[in-house]
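Residues per chain, in single letters:
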Amino acid sequence: MSVLNISCKKATYLVSKKEQGKINIFDRIALKVHFKICDLCKRFEEQTVFIVKNAKHQETEEKLSEEVKTRIVEKIVEL
Amino acid sequence: MSGYLLKADDWVNKYGDMLYNYTLQRVSDKGVAEDIVQDTFLSAWRNRENYKAEASEKNWLFAICKNKIIDHYRKKSSSIIQYAEIDSTNNFFDEAEHWTQEAGPKNWGIDQDSTLERKEFYNILELCKQKLQEMQKSVFVMKYLEDLEAPEICKVLNISSSNYWVIIHRAKLQLRKCIEQNWLSI
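Quick mapping for you: the protein sequence lines, in order, are chains Y and D.
Those letters in the first sequence? Residues 1 to 79, by the working numbering.
Those letters in the second sequence? Residues 1001 to 1186, by the working numbering.
Hints were generated in silico from the structure; no laboratory data involved.
Virtual Cβ for every residue (Gly too), placed ideally from N, Cα, C.
Certain hints may be false.
Stated by the list, open to error - Which residues of chain D face chain Y? A partial, calculated answer using Cβ under 8 Å:
1. V1012
2. Q1025
3. E1034
4. W1045
5. R1046
6. F1093
7. H1098
8. W1099
9. K1119
10. E1126
11. W1165
12. I1168
13. H1169
14. K1172
15. L1173
Could you put together the complete structure from these sequences and hints?
Okay, here's the thing in C-alpha cells:
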C-alpha cells in the first residue's frame, strides 16, 4: 500500500507526466488511488488539461504598422 | 524590378498581419515579433526558387516562421541562467507535501458556453503566460504552441530530460495559480 500512497506534490507531477503520455503503470495506479481521496489534485488535472487545450487560442488581433510593412518590402527589394 | 516590388508588397500585405499575430503569441515582445516576421519574409524571398507548389504559400511561410521562432528560443536559452530561477512553486505544498490551504486549486466554475467568460479566460491565460519565468515560458510555448516533442525541446534549449519535466510541471503549477488569482468570478 505504501508505494501507492503518494503526496499531492508527487501526484501533480505525475499529472504532468500523464498529460504527455509519459506515465508508467505503477504511477498511473498510484495516481488513480490518490484521486479517490483527493479532489484538489483531480481538479488540478482538469484545470491544467483545460489550460493546455486552450493554449493555442489566439484572442488578440494585432496589426503590423505600415512603417514596418514598408520597411520589410524595402528590404526584400534590396535583396 | 517593379514586378518584384509588387510581388513583395502583395506578400507582406497578404500574410504580414497573420504571421505577426502568430509570432506575437509565441514571443510576446512586439519588437522581437516584428524582426522575426521580417526575417521570415527575407528567407522566403531568398528561397522562393525552392518553393514547391505542394504546400500552399501560406503554409510554406508559416513553416519558415516557425523555424525562426525556434531559433529565437535557441539563442535565448543560452542567455538564461537556469539555476538562478527560484522554485516559486515550492510554497504550494506543506511539509507533508500536501496542498496548502492557500494554494489548493479552487473551483473555477467556468461556463464554457459563455463567449464572454471564454474571452476573459484567454486574456488571463495570455497575461499569465507572459508572467512565467523565461525558461518556463520557452518550454511551455515550444510544447503547447509549437507542438514540439520533449527530446527536441531539450535539444533546442540545451536542457536535460529531467530538467524538462521539472520546468514544464512548474510552468503548469504557476500558470494555473496565476489564472485562478486573476479570474474574477472566484
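Outcome of the hint check:
no.	hint	in the structure
1	V1012	holds, 5 Å
2	Q1025	holds, 6 Å
3	E1034	holds, 5 Å
4	W1045	holds, 5 Å
5	R1046	holds, 6 Å
6	F1093	holds, 5 Å
7	H1098	holds, 5 Å
8	W1099	holds, 5 Å
9	K1119	holds, 7 Å
10	E1126	holds, 7 Å
11	W1165	holds, 7 Å
12	I1168	holds, 6 Å
13	H1169	holds, 4 Å
14	K1172	holds, 5 Å
15	L1173	holds, 7 Å
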